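Visitor: Given the sequences, and given the hints that come with them, work out the whole structure.
FYI, in my numbering the residues of the sequence shown are 2 to 267.
Source of the hints: derived by calculation from the structure; they are not laboratory data. A portion of the hints provided could be inaccurate.
[What the hints assert, rightly or not] Think about it this way: if two alpha-carbon atoms lie no more than 20 Å apart in a straight line, the pair counts; the simulated SDA-like pairs of lysine to any residue are: (1) K120 to A185; (2) K32 to P80; (3) K59 to P80.
Keep in mind it's a predicted model, so treat the numbers as computed, not measured.
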Amino acid sequence: MLINRRRWLQSLTAGVMLAAAVLAPARAEDKPVLVFAAASLKNAVDELAAAYTKETGKTIQVSYAASSALAKQIEGGAPADIFISADLKWMAYLSGKGLTKKETERPLLGNELVLVASKDSTVTATIEKGFDLAALLGDGRLAMGEVSSVPAGVYGKASLTSLGVWDSVKDRLAQAENVRAALALVSRGEAPLGIVYATDARADPGVKVVGTFPADSHDPIVYPIALLDASTNPDAAAVLAFLESATARPVYEGQGFTVLDAPKTN
Numbered sequence: 002m003l004i005n006r007r008r009w010l011q012s013l014t015a016g017v018m019l020a021a022a023v024l025a026p027a028r029a030e031d032k033p034v035l036v037f038a039a040a041s042l043k044n045a046v047d048e049l050a051a052a053y054t055k056e057t058g059k060t061i062q063v064s065y066a067a068s069s070a071l072a073k074q075i076e077g078g079a080p081a082d083i084f085i086s087a088d089l090k091w092m093a094y095l096s097g098k099g100l101t102k103k104e105t106e107r108p109l110l111g112n113e114l115v116l117v118a119s120k121d122s123t124v125t126a127t128i129e130k131g132f133d134l135a136a137l138l139g140d141g142r143l144a145m146g147e148v149s150s151v152p153a154g155v156y157g158k159a160s161l162t163s164l165g166v167w168d169s170v171k172d173r174l175a176q177a178e179n180v181r182a183a184l185a186l187v188s189r190g191e192a193p194l195g196i197v198y199a200t201d202a203r204a205d206p207g208v209k210v211v212g213t214f215p216a217d218s219h220d221p222i223v224y225p226i227a228l229l230d231a232s233t234n235p236d237a238a239a240v241l242a243f244l245e246s247a248t249a250r251p252v253y254e255g256q257g258f259t260v261l262d263a264p265k266t267n
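Guide: Rendered as structure tokens:
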């Protein structure tokens with residue numbers, strides 16, 4: 002009786018181990034692909050992630066934040082598979098540290114920089130050299146991404162400097178951790194004006210565009226994409242291809258992005 006019990010337990014243990022061995026690869030293959038994406042991409046990438054799941058049955062998990070914050074997280078060992086930055090600087094930062102698969106780096110999207118106010122605001126603006134932004138602010142502050150690291154903030158500061166108005170507003174900023182946070186300050190009425198991307202303004206019915214910054218007043222706004230070197234997810238390359246595909250193009254364009262038909266960055 003004792004021998005039979007031992008044999009039964011041995012058979013059960015062997016069966017459990019066999020099942021685990023069979024299921025382990027399946028679990029690895031079914032692990033969601035983790036995309037780190039600039040906050041301004043949320044609407045477009047959420048839509049694409051849902052479309053990919055509907056088409057393949059597989060999941061894309063997305064983490065949104067400022068490109069600077071995401072790059073630092075990747076540098077710190079965050080297990081992301083794909084990175085989409087809102088500027089070339091932070092992709093180059095990771096590339097220079099050997100943290101991307103260089104052959105997959107390419108510019109994906111373009112955008113515009115705009116000045117927004119709440120939807121009920123009566124403010125109008127002509128954005129040109131020397132325009133009186135300080136007067137437009139009244140007693141309020143200018144919402145924008147953190148100007149030393151968040152791409153939208155960096156572009157915004159560069160544009161205001163080029164137009165000769167930075168000094169008049171540099172002490173009147175409401176700096177945010179990412180561009181969507183800056184957008185929210187305007188949408189909620191906590192700041193009278195903000196500098197965001199055109200795509201962000203389109204995504205929030207609580208704001209309206211009161212002016213577009215001249216393209217030559219800041220560096221071109223380019224969103225590069227790449228696989229990350231530490232990625233071992235077998236589905237990552239397929240997700241990258243989907244995010245770059247003709248299927249994705251109308252989704253990006255529907256959100257106001259320009260799709261860049263450009264060669265890879267490396």
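Visitor: Each hint should be assessed against the structure and marked as holding or not.
Guide: Status of each hint after checking the structure:
1. In summary, the hint linking K120 to A185 is supported, as the alpha carbons are separated by about 12 Å, within the 20 Å threshold.
2. Proposed proximity of K32 and P80 is supported: the alpha carbons are some 12 Å apart, at most 20 Å.
3. Straight-line distance between C-alpha atoms of K59 and P80 comes to about 18 Å, which keeps the hinted pair within the 20 Å bound.
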